[in-house]
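Student: Please work from the sequences and hints to get the whole structure.
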Amino acid sequence: MSAVIDHHAGHAHDDHAHDDHHGAPHGWRRWVYATNHKDIGTLYLLFSFTMFIIGGILALLIRLELFHPGLQFFNPQLFNQFTTMHGLIMVFGAIMPAFVGFANWMIPLQVGAADMAFARMNNLSFWLLIPAALMLVGSFFMPGGAPAAGWTLYAPLTLQMGPSMDAGIFAMHIMGASSIMGSINIIVTVLNMRAPGMTLMKMPLFCWTWLITAYLLIAVMPVLAGAITMTLTDRHFGTSFFNPAGGGDPVMYQHIFWFFGHPEVYIMILPAFGIVSAVVPAFARKRLFGYTSMVYATSSIAILSFIVWAHHMFTTGMPVTGQLFFMYATMLIAIPTGVKVFNWIATMWRGSMTFETPMLFAVGFIFVFTMGGFTGLILSVAPVDIQLQDTYYVVAHFHYVLVAGSLYAMFAGFYYWSPKWTGVMYNETRGKIHFWASLVFFNLTFFPMHFLGLAGMPRRYADYPMQFTDFNMVASIGALGFGLSQVYFFFFIVLPCMRGIGAKAPQKPWEGAEGLEWEVPSPAPFHTFETPPKLDATATKVLA
Amino acid sequence: MTKTMNALIRRARSLSLERLAQGWLAACALLATGAARAVGDLPGGPAVLQLDLPPPVTKIAEEQKWLHYFMLIVCVVIFICVFGVMFYSIIKHRKSKGFKAANFHESTTVEIIWTIVPFVIVIFMALPATKVVVAMKDTTNADLTIKATGYQWKWGYSYLKGEGEGINFISTLDTAQRNMSDAGKPSGDDYLLKVDNALVVPVNKKVRIITTAEDVIHAWMVPAFGVKQDAIPGFVRDTWFKAEKVGDYYGQCAELCGKEHAYMPIHVKVLAAADYAAWVDTKKKEMAAAADDPNKVWTLADSIARGATVYAANCQACHQANGKGGGPIKALDADPVVLDEDKVKQVLVVLHGQNNGAMPSWKQLSDTEIAAVVTYTKNSWSNKTGQLVQPSDVLAARSK
Numbered sequence: 124m125s126a127v128i129d130h131h132a133g134h135a136h137d138d139h140a141h142d143d144h145h146g147a148p149h150g151w152r153r154w155v156y157a158t159n160h161k162d163i164g165t166l167y168l169l170f171s172f173t174m175f176i177i178g179g180i181l182a183l184l185i186r187l188e189l190f191h192p193g194l195q196f197f198n199p200q201l202f203n204q205f206t207t208m209h210g211l212i213m214v215f216g217a218i219m220p221a222f223v224g225f226a227n228w229m230i231p232l233q234v235g236a237a238d239m240a241f242a243r244m245n246n247l248s249f250w251l252l253i254p255a256a257l258m259l260v261g262s263f264f265m266p267g268g269a270p271a272a273g274w275t276l277y278a279p280l281t282l283q284m285g286p287s288m289d290a291g292i293f294a295m296h297i298m299g300a301s302s303i304m305g306s307i308n309i310i311v312t313v314l315n316m317r318a319p320g321m322t323l324m325k326m327p328l329f330c331w332t333w334l335i336t337a338y339l340l341i342a343v344m345p346v347l348a349g350a351i352t353m354t355l356t357d358r359h360f361g362t363s364f365f366n367p368a369g370g371g372d373p374v375m376y377q378h379i380f381w382f383f384g385h386p387e388v389y390i391m392i393l394p395a396f397g398i399v400s401a402v403v404p405a406f407a408r409k410r411l412f413g414y415t416s417m418v419y420a421t422s423s424i425a426i427l428s429f430i431v432w433a434h435h436m437f438t439t440g441m442p443v444t445g446q447l448f449f450m451y452a453t454m455l456i457a458i459p460t461g462v463k464v465f466n467w468i469a470t471m472w473r474g475s476m477t478f479e480t481p482m483l484f485a486v487g488f489i490f491v492f493t494m495g496g497f498t499g500l501i502l503s504v505a506p507v508d509i510q511l512q513d514t515y516y517v518v519a520h521f522h523y524v525l526v527a528g529s530l531y532a533m534f535a536g537f538y539y540w541s542p543k544w545t546g547v548m549y550n551e552t553r554g555k556i557h558f559w560a561s562l563v564f565f566n567l568t569f570f571p572m573h574f575l576g577l578a579g580m581p582r583r584y585a586d587y588p589m590q591f592t593d594f595n596m597v598a599s600i601g602a603l604g605f606g607l608s609q610v611y612f613f614f615f616i617v618l619p620c621m622r623g624i625g626a627k628a629p630q631k632p633w634e635g636a637e638g639l640e641w642e643v644p645s646p647a648p649f650h651t652f653e654t655p656p657k658l659d660a661t662a663t664k665v666l667a
Numbered sequence: 006m007t008k009t010m011n012a013l014i015r016r017a018r019s020l021s022l023e024r025l026a027q028g029w030l031a032a033c034a035l036l037a038t039g040a041a042r043a044v045g046d047l048p049g050g051p052a053v054l055q056l057d058l059p060p061p062v063t064k065i066a067e068e069q070k071w072l073h074y075f076m077l078i079v080c081v082v083i084f085i086c087v088f089g090v091m092f093y094s095i096i097k098h099r100k101s102k103g104f105k106a107a108n109f110h111e112s113t114t115v116e117i118i119w120t121i122v123p124f125v126i127v128i129f130m131a132l133p134a135t136k137v138v139v140a141m142k143d144t145t146n147a148d149l150t151i152k153a154t155g156y157q158w159k160w161g162y163s164y165l166k167g168e169g170e171g172i173n174f175i176s177t178l179d180t181a182q183r184n185m186s187d188a189g190k191p192s193g194d195d196y197l198l199k200v201d202n203a204l205v206v207p208v209n210k211k212v213r214i215i216t217t218a219e220d221v222i223h224a225w226m227v228p229a230f231g232v233k234q235d236a237i238p239g240f241v242r243d244t245w246f247k248a249e250k251v252g253d254y255y256g257q258c259a260e261l262c263g264k265e266h267a268y269m270p271i272h273v274k275v276l277a278a279a280d281y282a283a284w285v286d287t288k289k290k291e292m293a294a295a296a297d298d299p300n301k302v303w304t305l306a307d308s309i310a311r312g313a314t315v316y317a318a319n320c321q322a323c324h325q326a327n328g329k330g331g332g333p334i335k336a337l338d339a340d341p342v343v344l345d346e347d348k349v350k351q352v353l354v355v356l357h358g359q360n361n362g363a364m365p366s367w368k369q370l371s372d373t374e375i376a377a378v379v380t381y382t383k384n385s386w387s388n389k390t391g392q393l394v395q396p397s398d399v400l401a402a403r404s405k
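Just so you know, the protein sequences line up as chains B and Y, in that order.
Under my numbering, residues 124 to 667 are what the first sequence spells out, in order.
Under my numbering, residues 6 to 405 are what the second sequence spells out, in order.
A portion of the hints provided could be inaccurate.
In silico BS3-like cross-links for lysine-lysine, where the CA-CA straight-line distance does not exceed 27 Å [said to hold, decoys possible]:
| id | chain 1 | residue 1 | chain 2 | residue 2 |
| --- | --- | --- | --- | --- |
| 1 | Y | Lys64 | Y | Lys274 |
| 2 | Y | Lys64 | Y | Lys190 |
| 3 | B | Lys555 | Y | Lys105 |
| 4 | Y | Lys102 | B | Lys631 |
| 5 | Y | Lys211 | Y | Lys289 |
| 6 | Y | Lys199 | Y | Lys368 |
| 7 | B | Lys664 | Y | Lys100 |
| 8 | B | Lys631 | Y | Lys368 |
| 9 | Y | Lys166 | Y | Lys105 |
| 10 | B | Lys325 | Y | Lys105 |
| 11 | Y | Lys136 | Y | Lys289 |
| 12 | Y | Lys166 | Y | Lys210 |
| 13 | B | Lys555 | B | Lys631 |
| 14 | Y | Lys250 | Y | Lys152 |
| 15 | Y | Lys100 | B | Lys555 |
| 16 | B | Lys627 | B | Lys555 |
| 17 | Y | Lys100 | B | Lys627 |
| 18 | Y | Lys348 | Y | Lys389 |
| 19 | Y | Lys290 | Y | Lys64 |
| 20 | Y | Lys329 | Y | Lys166 |
| 21 | Y | Lys301 | Y | Lys250 |
| 22 | B | Lys664 | Y | Lys152 |
| 23 | Y | Lys211 | Y | Lys301 |
| 24 | Y | Lys105 | B | Lys631 |
| 25 | Y | Lys190 | Y | Lys211 |
| 26 | B | Lys555 | Y | Lys97 |
| 27 | Y | Lys105 | Y | Lys199 |
| 28 | Y | Lys290 | Y | Lys152 |
| 29 | Y | Lys348 | Y | Lys335 |
| 30 | Y | Lys250 | Y | Lys166 |
| 31 | Y | Lys288 | Y | Lys152 |
| 32 | Y | Lys211 | Y | Lys199 |
| 33 | B | Lys555 | Y | Lys102 |
Rather than coming from a laboratory, the hints here were simulated on the basis of the structure.
Tutor: And the structure:
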């Protein structure tokens with residue numbers, strides 16, 4: 124962000140003998156050759172916001188068609204392309220890279236490291252995303268249009284897709300490679316580059332959740348790569364892994380996909396837990412309650428996430444014992460997740476709270492995410508899931524978890540840390556407008572979808588029976604409002620901050636905030652902690 | 006505990022709050038749209054502003070509804086307790102009220118309590134659910150076994166065992182519904198749910214549905230019966246229901262299966278035993294009468310007339326009534342394959358599909374139907390080949 128540039132320009136490095144190695148290139152070279160974790164973090168965040176807007180436009184096109192029954196705007200094939208690409212872009216292009224952006228910016232600052240462990244790999248893992256994203260989005264313009272098999276890419280429907288399917292598969296391979304490189308970087312940074320005195324159990328929870336997330340990524344991204352590679356060879360090289368015409372098993376695809384897919388869900392939420400665990404104590408002016416149990420709960424969630432995948436497949440016709448096992452295992456996840464919510468509330472309890480925008484989003488997260496958690500618990504009950512599987516109830520559930528969960532936490536993180544990034548304070552009134560608009564419109568969009576699902580409206584439908592009209596209209600109106608709120612966020616909050624417009628941010632703008640990121644000036648200089656800092660006993664302060 | 010729970014659930018179901026909410030929402034919807042749409046509840050299908058699972062018609066659906074209410078009530082109670090505490094804290098423990106922060110941040114006892122208590126609650130949730138899972142999966146001792154085959158984009162039903170054995174037919178969305186959808190002018194309570202041939206079953210008999218598919222995965226779902234089962238190509242799966250009330254029940258395909266995913270509904274007609282027997286009788290006679298003699302030699306005019314109905318039922322949704330197709334769908338009008346001297350070329354496309362299934366295979370149609378529809382397309386719109394395809398040509402092409 125520009126404030127970072129300005130600061131660097133004015134920052135003399137004369138006191139370092141190896142100054143010339145550290146000088147940042149200017150202009151486009153600074154970004155294309157970027158090896159600085161802050162620059163790469165900024166790139167990740169801007170990239171993911173762009174993808175978020177593209178995915179959001181697709182969502183609005185979907186809601187436009189569904190505003191009224193009957194086909195008014197798009198043919199069903201194009202509609203299927205919209206739902207598929209909305210899912211793929213939001214998951215792989217928006218949420219995952221955004222969290223990597225947060226990790227790049229904050230993890231070295233929080234553990235007192237000079238940079239990420241592998242600076243050049245960091246550059247590569249970002250720049251790989253660009254061709255992948257271009258290929259993914261560009262698939263709309265290929266013959267036959269974009270992939271239309273749903274973001275889950277179930278075989279054998281994928282075998283019927285046009286050439287864009289191959290482009291999509293290739294794009295996901297590249298994004299997977301990028302994620303794995305990012306994860307290696309994060310793991311090595313967290314494990315090897317902490318400042319002396321920053322023991323693992325003193326580390327901010329955001330670093331912990333990302334450490335666990337990075338292991339999850341390394342474990343499951345190759346599984347996805349395997350599944351889509353098998354799809355690719357089925358399409359072009361005469362194999363029949365999933366093609367029933369050659370003796371293949373389409374259900375095997377689902378097993379492999381969801382063995383990736385379920386941990387993926389936690390990949391998208393664990394870093395969010397980390398952000399909320401930083402914001403809540405800061406604004407309650409009270410230390411995080413049950414730090415140790417938070418670490419254990421996060422690990423339990425990660426481990427359990429590997430043994431619940433088939434709850435996405437209750438309707439495929441699993442044997443009784445299979446259904447029971449996956450039902451029980453899924454219900455168990457409610458326990459560590461509950462522990463986290465209880466810990467956050469215990470942190471707030473008898474604190475001295477103020478409600479600036481980061482705290483609003485964090486509390487909004489806890490409140491609305493928990494609703495998504497409860498619908499998840501309801502869905503885990505196999506007999507109930509039989510009724511709700513593949514209906515709008517599921518759509519409501521995962522948007523409560525991913526939008527009110529991951530996205531809200533990222534907003535909280537943005538408002539909390541952007542003074543450190545840009546050196547200026549965002550406008551508090553505007554932040555509050557953004558929060559309340561997002562909260563109201565989010566619920567307006569997704570709450571009625573629970574009713575649609577209970578009434579039996581299947582998802583991925585371009586047209587629907589007339590009885591479903593009213594709730595669809597409400598959802599469409601809400602979606603438009605939610606989309607506009609995010610446009611407002613960019614133009615009236617993010618952009619002024621990037622331009623350096625606003626009150627100058629103090630080194631530590633939040634009274635109750637703790638951690639090494641508040642030990643460096645705002646905006647954070649281009650290079651921080653070039654020599655390992657000496658830390659106090661709690662590892663939250665640098666000793667002079 | 007179960008008793009109180011049951012009472013609570015009964016209370017919740019009859020709660021006038023739901024009515025109230027529905028009324029309020031209806032009013033809102035009216036305001037929003039400016040005028041009432043002419044649509045009412047569809048008995049056995051969705052209701053306007055439905056907030057809940059549909060009225061159950063089978064034991065399993067009833068159990069599912071009970072479980073859902075049980076879960077919902079437990080979750081809402083926990084939700085209110087937990088967030089009651091949070092909002093109390095938010096209101097009371099504010100800096101602006103001069104509240105000073107306490108300094109506690111750990112308590113092993115508390116942590117253990119709030120791990121054990123949810124664990125116990127989860128076990129209480131799992132127990133009744135287990136019972137239902139076991140009942141749901143027991144497909145033995147069926148009175149009637151029907152195979153439901155998913156095609157892109159319709160359902161085929163074959164009565165395999167029990168009263169009506171040997172009956173089979175295809176169930177497709179009523180053509181007028183698809184046209185209304187394209188025109189963007191939907192109407193009717195059974196919009197997108199009306200089919201040409203409903204699945205007919207007897208009341209109070211255990212019906213086992215075996216699902217499979219021809220091309221991609223579909224899912225056979227009837228919410229009132231509490232049934233949803235994927236239909237997977239190359240594999241057979243089963244589910245069952247025992248409908249306890251005579252009537253019409255509706256569902257839709259619930260697994261993304263391509264372009265016309267939203268247009269392959271399920272309509273089950275539940276009849277009393279005597280009516281069912283009568284239906285079986287008529288259906289069998291009808292099938293015997295309608296069975297095409299595969300050796301019949303058709304005249305051009307007859308074949309075109311027969312082909313027109315086959316076209317309307319199967320091809321029109323994509324290729325359009327004017328044969329022009331649209332978007333990725335090829336036009337049949339003036340298409341070189343359709344106009345080709347060699348009749349077999351087009352027959353092979355119809356039999357095996359084309360472009361990786363973008364044009365699906367239609368080999369489930371009879372030789373007579375395929376012959377007729379090919380004849381029809383070769384002699385409609387601007388196509389004037391005068392060619393006539395006989396069922397025997399199709400039979401010969403099938404082995405190619």
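Student: Look at each hint and say if it fits the structure.
Tutor: Checked hints:
For the hint linking lysine 64 of chain Y to lysine 274 of chain Y, the alpha-carbon distance of about 18 Å falls within 27 Å, and the restraint holds. With a CA separation close to 38 Å, the supplied pair lysine 64 of chain Y and lysine 190 of chain Y exceeds the 27 Å bound. Distance restraint check for lysine 555 of chain B and lysine 105 of chain Y: the Cα-Cα separation of roughly 25 Å lies within the 27 Å cut-off, and the hinted pair is therefore satisfied. Distance check on the hinted pair: lysine 102 of chain Y and lysine 631 of chain B sit about 23 Å apart at the alpha-carbon level, within 27 Å; holds.
Of the pairs offered as hints, the one joining lysine 211 of chain Y and lysine 289 of chain Y holds, with about 22 Å between alpha carbons and a cut-off of 27 Å not exceeded. Distance hint between lysine 199 of chain Y and lysine 368 of chain Y is fulfilled; the C-alpha atoms sit about 25 Å from each other, no more than 27 Å. Of the pairs offered as hints, the one joining lysine 664 of chain B and lysine 100 of chain Y holds, with about 24 Å between alpha carbons and a cut-off of 27 Å not exceeded. The suggested pairing of lysine 631 of chain B with lysine 368 of chain Y is violated, with an alpha-carbon distance near 72 Å, which exceeds 27 Å.
Straight-line distance between C-alpha atoms of lysine 166 of chain Y and lysine 105 of chain Y comes to about 76 Å, which puts the hinted pair past the 27 Å bound. Restraint check for lysine 325 of chain B and lysine 105 of chain Y: satisfied, since their Cα atoms lie roughly 25 Å apart, inside the 27 Å limit. For the hint pairing lysine 136 of chain Y with lysine 289 of chain Y, the CA-to-CA distance comes to about 40 Å; that exceeds 27 Å, so the pair is violated. As the CA atoms of lysine 166 of chain Y and lysine 210 of chain Y are separated by approximately 13 Å, the hinted pair is consistent with the 27 Å bound.
Taking the CA atoms of lysine 555 of chain B and lysine 631 of chain B, the gap is about 21 Å. The hint holds against a cut of 27 Å. Of the pairs offered as hints, the one joining lysine 250 of chain Y and lysine 152 of chain Y holds, with about 22 Å between alpha carbons and a cut-off of 27 Å not exceeded. Restraint check: the Cα-Cα separation between lysine 100 of chain Y and lysine 555 of chain B comes to about 18 Å, which is no more than 27 Å; the hinted pair holds. Distance check on the hinted pair: lysine 627 of chain B and lysine 555 of chain B sit about 19 Å apart at the alpha-carbon level, within 27 Å; holds.
About 24 Å separates the Cα atoms of lysine 100 of chain Y and lysine 627 of chain B, which keeps this hinted pair within 27 Å; it holds. Among the hinted pairs, lysine 348 of chain Y with lysine 389 of chain Y is consistent with the structure: their alpha-carbon atoms are about 14 Å apart, no more than 27 Å. For the hint pairing lysine 290 of chain Y with lysine 64 of chain Y, the CA-to-CA distance comes to about 34 Å; that exceeds 27 Å, so the pair is violated. Taking the CA atoms of lysine 329 of chain Y and lysine 166 of chain Y, the gap is near 43 Å; set against the 27 Å cutoff, the hint is violated.
As the CA atoms of lysine 301 of chain Y and lysine 250 of chain Y are separated by approximately 44 Å, the hinted pair breaks the 27 Å bound. Annotation: proposed proximity of lysine 664 of chain B to lysine 152 of chain Y is violated, straight-line Cα distance about 70 Å (limit 27 Å). At most 27 Å may separate the alpha-carbon atoms for a hinted pair to count; lysine 211 of chain Y and lysine 301 of chain Y exceed this at roughly 41 Å. For the given pair, lysine 105 of chain Y sits about 20 Å from lysine 631 of chain B by alpha-carbon distance, which is consistent with the 27 Å threshold.
The suggested pairing of lysine 190 of chain Y with lysine 211 of chain Y is violated, with an alpha-carbon distance near 39 Å, which exceeds 27 Å. Between lysine 555 of chain B and lysine 97 of chain Y the alpha-carbon distance is near 21 Å, which keeps this suggested pair within the 27 Å criterion. Between the alpha carbons of lysine 105 of chain Y and lysine 199 of chain Y the distance comes to roughly 66 Å, so the proposed pair goes past 27 Å and is violated. Of the supplied pair hints, the one linking lysine 290 of chain Y and lysine 152 of chain Y holds, its CA atoms being roughly 21 Å apart against a limit of 27 Å.
In summary, the hint linking lysine 348 of chain Y to lysine 335 of chain Y is supported, as the alpha carbons are separated by about 18 Å, within the 27 Å threshold. Our distance criterion of 27 Å between C-alpha atoms is met by lysine 250 of chain Y and lysine 166 of chain Y, whose separation comes to about 22 Å. For the hint pairing lysine 288 of chain Y with lysine 152 of chain Y, the CA-to-CA distance comes to about 17 Å; that is within 27 Å, so the pair holds. For the hint pairing lysine 211 of chain Y with lysine 199 of chain Y, the CA-to-CA distance comes to about 25 Å; that is within 27 Å, so the pair holds.
Of the pairs offered as hints, the one joining lysine 555 of chain B and lysine 102 of chain Y holds, with about 20 Å between alpha carbons and a cut-off of 27 Å not exceeded.
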